[in-house]
Amino acid sequence: MARSSKAYMWGTHMSGGRIAKQADLKYVQEKESKAMSAIFQLRLAK
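Residue 25 in the working numbering sits at position 39 of the sequence shown, and the numbers go up by one each step.
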């Protein structure tokens, strides 16, 4: 999960554009936070 997001962030960094990079970073952070909350809920359910 973290590995793929780092590769994704590196790709956006290479393509440049501060505004686009910030938007992509926010998108990645939202996806990661949703995934983390889902994992947390699965652990609570057990």
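Where hints are given, some of them may not hold.
Subject to a maximum C-alpha distance of 27 Å in a straight line, what follows is the list of computed DSS-like cross-link-like pairs (lysine-lysine) [to be verified]:
id : residue 1 : residue 2
1  : K32       : K17
2  : K12       : K32
3  : K32       : K20
4  : K7        : K17
Keep in mind the hints are simulated off the structure, nothing from the lab.
Do the hints match the structure? See the list:
1. At most 27 Å may separate the alpha-carbon atoms for a hinted pair to count; K32 and K17 meet this at roughly 23 Å.
2. Among the hinted pairs, K12 with K32 is inconsistent with the structure: their alpha-carbon atoms are about 31 Å apart, more than 27 Å.
3. Of the supplied pair hints, the one linking K32 and K20 holds, its CA atoms being roughly 19 Å apart against a limit of 27 Å.
4. At roughly 15 Å between alpha-carbon atoms, K7 and K17 fall within 27 Å of each other, so this suggested pair holds.
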